[in-house]
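**Q** Sequence:
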Amino acid sequence: MSRRVLFKFRLYVAGDALNSAQALANLTALCRAHLPDRHEIEVVDVFREPKRALADRIFMTPTLVKFAPSPVRSIVGTLSQTQPVLQVLGLEAVAV
1 MSRRVLFKFR LYVAGDALNS AQALANLTAL CRAHLPDRHE IEVVDVFREP
51 KRALADRIFM TPTLVKFAPS PVRSIVGTLS QTQPVLQVLG LEAVAV
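Those letters in the sequence shown? Residues 1 to 96, per the numbering used here, in order.
Since the hints were derived computationally from the structure, they do not count as laboratory data. Being a predicted model, the structure only gives us computed values, none of them experimental. Do not rely on the hints blindly, as some may be mistaken.
[What the hints assert, rightly or not] For each label pair, taking beta carbons as the anchor points, the in silico distance ranges come out as:
1. 4 to 54: 31 to 37 angstroms
2. 37 to 59: 22 to 28 angstroms
3. 33 to 69: 17 to 23 angstroms
[To be verified] List of simulated lysine-lysine pairs, DSSO-like, C-alpha gap at most 30 angstroms:
4. 51 to 66
5. 8 to 66
6. 8 to 51
Just so you know, even glycine gets a beta-carbon here, dropped at the ideal spot from N, CA and C.
With the hints as extra help, turn the sequences into a complete structure.
**A** Okay, here's the thing in structure tokens:
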């Protein structure tokens, strides 16, 4: 039995801003559709953790960072266009 790869994401948001809420909803839907039971999502609110955001070099929200598997990739925006998001994150070839 082959071990399934776990995808790790960090989504930087700005409180309850509409764009941030949309990005989280879109990421959750994308992961459920393309990575069921193979993903972890950490949400970082830059208003609550501004020093962390600066240390991580996050200057715009919402920003999504894929940490695992390598390579690390990031994308800014609401993640509403599924195909380009999959492509940027290197997920277009991932089989469900």
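**Q** Of all the hints given earlier, name the ones this structure violates by number, lowest first.
**A** 2
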